[in-house]
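Dock chain D against the given chain W, drawing on the hints supplied.
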Amino acid sequence: MLEIKNLHANVDGREILKGLDLTVPTGEVHAIMGPNGSGKSTLANVLAGKEDYEVTEGSVTFKGEDLLAMDATERAVAGVFLAFQYPMEIPGVATMTFLRSAVNAVRKARGEEELSTPDFLRVVKEKAKGLKIDVDMLRRPLNVGFSGGEKKRNEILQMALLEPSLCVLDETDSGLDIDAVRIVADGVNALRSPERSMLVITHYQRLLNYIVPDRVHVLSAGRVARSGGPELALELEKSGYAEYGEASAA
Amino acid sequence: MPAVQETVERVKQIDVDKYKYGFFTDIESVMAPKGLNEEVVRFISAKKGEPDWLRDWRLEAFRRWQTMQEPKWANVQYPKINFQELYYYSAPKSTEGPKSLAEVDPELLKTYEKLGIPLKEQEVLAGVQGAPKVAVDAVFDSVSVVTTFKEELAKAGVIFCSISEAVKNHPELVKKYLGSVVPITDNFFATLNSAVFSDGSFVYVPEGVRCPMELSTYFRINAEKTGQFERTLIIADKGAYVSYLEGCTAPMRDENQLHAAVVELVALEDAEIKYSTVQNWYPGDAEGKGGVYNFVTKRGDCRGHRSKISWTQVETGSAITWKYPSCILRGNGSRGEFYSIAISNGYQQVDSGTKMIHLGRDTSSRIISKGIAAGYSNNTYRGLVSAHRKATNARNFTCCDSLLIGDKCGAHTVPYIEAKNASATFEHEATTSKISDDQLFYCLSRGLSEEEAVALIVNGFVRDVLQQLPMEFMAETQKLIGISLEGSVG
Numbered sequence: 001m002l003e004i005k006n007l008h009a010n011v012d013g014r015e016i017l018k019g020l021d022l023t024v025p026t027g028e029v030h031a032i033m034g035p036n037g038s039g040k041s042t043l044a045n046v047l048a049g050k051e052d053y054e055v056t057e058g059s060v061t062f063k064g065e066d067l068l069a070m071d072a073t074e075r076a077v078a079g080v081f082l083a084f085q086y087p088m089e090i091p092g093v094a095t096m097t098f099l100r101s102a103v104n105a106v107r108k109a110r111g112e113e114e115l116s117t118p119d120f121l122r123v124v125k126e127k128a129k130g131l132k133i134d135v136d137m138l139r140r141p142l143n144v145g146f147s148g149g150e151k152k153r154n155e156i157l158q159m160a161l162l163e164p165s166l167c168v169l170d171e172t173d174s175g176l177d178i179d180a181v182r183i184v185a186d187g188v189n190a191l192r193s194p195e196r197s198m199l200v201i202t203h204y205q206r207l208l209n210y211i212v213p214d215r216v217h218v219l220s221a222g223r224v225a226r227s228g229g230p231e232l233a234l235e236l237e238k239s240g241y242a243e244y245g246e247a248s249a250a
Numbered sequence: 001m002p003a004v005q006e007t008v009e010r011v012k013q014i015d016v017d018k019y020k021y022g023f024f025t026d027i028e029s030v031m032a033p034k035g036l037n038e039e040v041v042r043f044i045s046a047k048k049g050e051p052d053w054l055r056d057w058r059l060e061a062f063r064r065w066q067t068m069q070e071p072k073w074a075n076v077q078y079p080k081i082n083f084q085e086l087y088y089y090s091a092p093k094s095t096e097g098p099k100s101l102a103e104v105d106p107e108l109l110k111t112y113e114k115l116g117i118p119l120k121e122q123e124v125l126a127g128v129q130g131a132p133k134v135a136v137d138a139v140f141d142s143v144s145v146v147t148t149f150k151e152e153l154a155k156a157g158v159i160f161c162s163i164s165e166a167v168k169n170h171p172e173l174v175k176k177y178l179g180s181v182v183p184i185t186d187n188f189f190a191t192l193n194s195a196v197f198s199d200g201s202f203v204y205v206p207e208g209v210r211c212p213m214e215l216s217t218y219f220r221i222n223a224e225k226t227g228q229f230e231r232t233l234i235i236a237d238k239g240a241y242v243s244y245l246e247g248c249t250a251p252m253r254d255e256n257q258l259h260a261a262v263v264e265l266v267a268l269e270d271a272e273i274k275y276s277t278v279q280n281w282y283p284g285d286a287e288g289k290g291g292v293y294n295f296v297t298k299r300g301d302c303r304g305h306r307s308k309i310s311w312t313q314v315e316t317g318s319a320i321t322w323k324y325p326s327c328i329l330r331g332n333g334s335r336g337e338f339y340s341i342a343i344s345n346g347y348q349q350v351d352s353g354t355k356m357i358h359l360g361r362d363t364s365s366r367i368i369s370k371g372i373a374a375g376y377s378n379n380t381y382r383g384l385v386s387a388h389r390k391a392t393n394a395r396n397f398t399c400c401d402s403l404l405i406g407d408k409c410g411a412h413t414v415p416y417i418e419a420k421n422a423s424a425t426f427e428h429e430a431t432t433s434k435i436s437d438d439q440l441f442y443c444l445s446r447g448l449s450e451e452e453a454v455a456l457i458v459n460g461f462v463r464d465v466l467q468q469l470p471m472e473f474m475a476e477t478q479k480l481i482g483i484s485l486e487g488s489v490g
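First to last, the sequence lines map onto chains W and D.
Per my numbering, the first sequence runs over residues 1 to 250.
Per my numbering, the second sequence runs over residues 1 to 490.
Chain W with its partners taken away, still in its complex shape (with noise of 0.2 Å):
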């Protein structure tokens, strides 16, 4: 699904990732672990193609294709999804106007059929309640006044009907109390399947006692400094970044 070779990016003219190798199989969850600055939000933001991250040098294959050779909306359209630690507010905009404006801008990409209204509804409101979000949330506009809960099921929301292969999750736990960390993460474990894989970033271990990952990969200073199953998790749990570099971190 994703092969990431000797990544190397810039933020503002400074390198912050530096020679990242990672590799995702198909169906497979991994979680990407590591200090603050490690460069965990980069390599999420350089996977949806923000323009700010220069990549310097290595090579991203997403699915057989150069990822990096597509601008964003191609790698939203070809199935690349990134839950965004911070979703942006947008006044005015409803919720389910958004939504909708989203799911078929891909459709269309896809050339799929644009949903009708009534189709639409129909799939909001059942993936709407699965994640346990009101319909008076969607009528809101877009993330405005919106709590740190609803926010990220929010993202949750949009991962599940836009139905993409690779799910990137950017601290999707930050900010969250220990029943929306559930409901958040039931939510992503219902989008488990066989033909897609997730990038599961976060600081803390919490996240992964319900998302459970097949690989965990820690981060340090910009490369992948060492990998494990499940187990490694619940390891820094206990020990801590301190080996990592997390004193040093920017």
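Everything labelled a hint here was simulated from the structure, so no lab data went into it.
Ideal Cβ positions, reconstructed from N, Cα and C, are used throughout, including at glycine.
Any given hint could be a false lead.
Said to hold, decoys possible - Now the in silico label distances, taken between C-beta atoms and shown as ranges:
1. W:T117 - D:P79: 46 to 56 Å
2. D:K168 - W:E114: 49 to 59 Å
3. D:G157 - W:K108: 42 to 52 Å
4. W:P118 - D:D437: 28 to 38 Å
5. W:K132 - D:A154: 51 to 61 Å
6. W:D177 - D:D464: 33 to 43 Å
As the list claims (entries may be wrong) - Mimicking DSS-like on lysine-lysine, the simulated pairs with C-alpha atoms at most 30 Å apart in a straight line are:
7. D:K434 - W:K50
8. W:K108 - D:K479
9. W:K151 - D:K408
10. D:K479 - W:K151
11. D:K479 - W:K127
12. D:K408 - W:K50
13. D:K479 - W:K50
To be verified - Interface residues of chain D toward chain W, partial, derived using beta-carbon atoms under 8 Å:
14. D438
15. Q439
16. L456
17. F461
Okay, now just chain D, sitting in the frame of chain W:
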């Protein structure tokens, strides 16, 4: 410079010799000679078979106009217009215009397609010869629909016709109200309009009548060839209600560079007039060459107690827009509203806003203005809210929001507030924001293209105003906003 040059050249292209017999011959003369003088004003009046009082009214306006100066205070730049280089009268010409859609600018056709306008209607809009009749059939399912409209209106007692017809058939109403809101002395362009106005619409809704339909779709057929000096007069008698929609979301093919229209609204006691405009004239090309100069005077008079006038405008076209739909709140308890979306892209210049003149007691007004500037454009909100000393308890709420797309455009807000009555309550809010890269990226990462993303964000920004538009125009207007902002990012 290029703008005027273009007019001059275009005028040259029309073979003036063809009309060398001038306006004294009674052949189907198409044009008055170039320039403006008393003879031309008399010619226009005679051509239209107007009564003496109206001819004299025009002449008075013309004499006045000669003493006036073109206003310079607006935040717009354009080369000096030589008013003697223009033509002031041209009857509909059957030989002008493309012969089929194949001859029409493909860019224009692309826009029609995006707006989802039916082919037959495209022909009307593009000015294809002989199209109107066909279009009426195709779009409105035969002329009978138009007749039905007319019958239904007549049954309600609503008069809806061209100003020229009204002058003939309802002279007492025209004489009473024409120029009573925008006097012939008002301003340079309004005075010019009074002297040479070509045609326009006339609406009279009698006492207690609620006009049974939006005067909109019908207008869409009627709108063609109203000319560059349009004059509209709408009167709502006591307790009457009318909603009027001017314009069209599709860009009209237009040979005229200068447009100086006048719109007058009169609301008597307990009457309500809702006037909506969608203006999408040619804005000029990507380099800012050409485009329509839209210098309009629109004013409503809340003459009766508890009357209400509401202006809603969506301005996306024209190279230069100079326009301030205003309300004179004369009647006690009267109310004025102004809802505006003004979008400028490319090299467009917009200087638009409103005036709310509170004269009566307990009058209230509300202004919601959304300016969106992209490209190299300049977008100015200019507004005046004033309370006369007798305007006890006058209230106004103003909200002016500007949205910038890119870093080469400008947004300006120039609010004037004058209160001569201590009990007046005026509130003013203003914001300026930019579409952030993060907002854009968020949309892109969900599969939207840049253009779709900008259109979505802008439509959110203008939502309060969009909701004021008649239902059937909301969807089209949303699309229009997207089209107007094409090429504004990336």
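Each hint tested on the structure:
A C-beta distance of roughly 50 Å is found between W:T117 and D:P79, which places it inside the suggested range of 46 to 56 Å. Take D:K168 and W:E114: their Cβ atoms lie about 51 Å apart, and the range 49 to 59 Å holds. The hinted range of 42 to 52 Å is satisfied by D:G157 and W:K108, whose Cβ atoms lie roughly 49 Å apart. Range check, W:P118 to D:D437: Cβ separation about 36 Å, and the 28 to 38 Å hint holds.
In this structure, W:K132 and D:A154 meet the distance hint of 51 to 61 Å, their C-beta atoms being roughly 58 Å apart. The supplied range of 33 to 43 Å is met by W:D177 and D:D464, whose beta-carbon atoms lie about 35 Å from each other. Of the supplied pair hints, the one linking D:K434 and W:K50 holds, its CA atoms being roughly 18 Å apart against a limit of 30 Å. Restraint check for W:K108 and D:K479: the C-alpha separation of about 17 Å stays at or below 30 Å, so the hint holds.
Our distance criterion of 30 Å between C-alpha atoms is broken by W:K151 and D:K408, whose separation comes to about 34 Å. Distance restraint check for D:K479 and W:K151: the Cα-Cα separation of roughly 28 Å lies within the 30 Å cut-off, and the hinted pair is therefore satisfied. Between D:K479 and W:K127, the direct Cα distance comes to roughly 29 Å. Compliance with the 30 Å bound is thereby established for this hinted pair. Taking the CA atoms of D:K408 and W:K50, the gap is about 23 Å. The hint holds against a cut of 30 Å.
Taking the CA atoms of D:K479 and W:K50, the gap is about 27 Å. The hint holds against a cut of 30 Å. The interface hint given for D:D438 holds, since its Cβ lies 6 Å from the closest Cβ of chain W, which is under the 8 Å cut-off. With 8 Å as the threshold, the beta carbon of D:Q439 comes within range of chain W, its nearest partner Cβ sitting at about 5 Å, so the hint holds. At about 6 Å, the closest approach between the beta carbon of D:L456 and any beta carbon in chain W falls short of 8 Å, and the interface hint on this residue holds.
With 8 Å as the threshold, the beta carbon of D:F461 comes within range of chain W, its nearest partner Cβ sitting at about 6 Å, so the hint holds.
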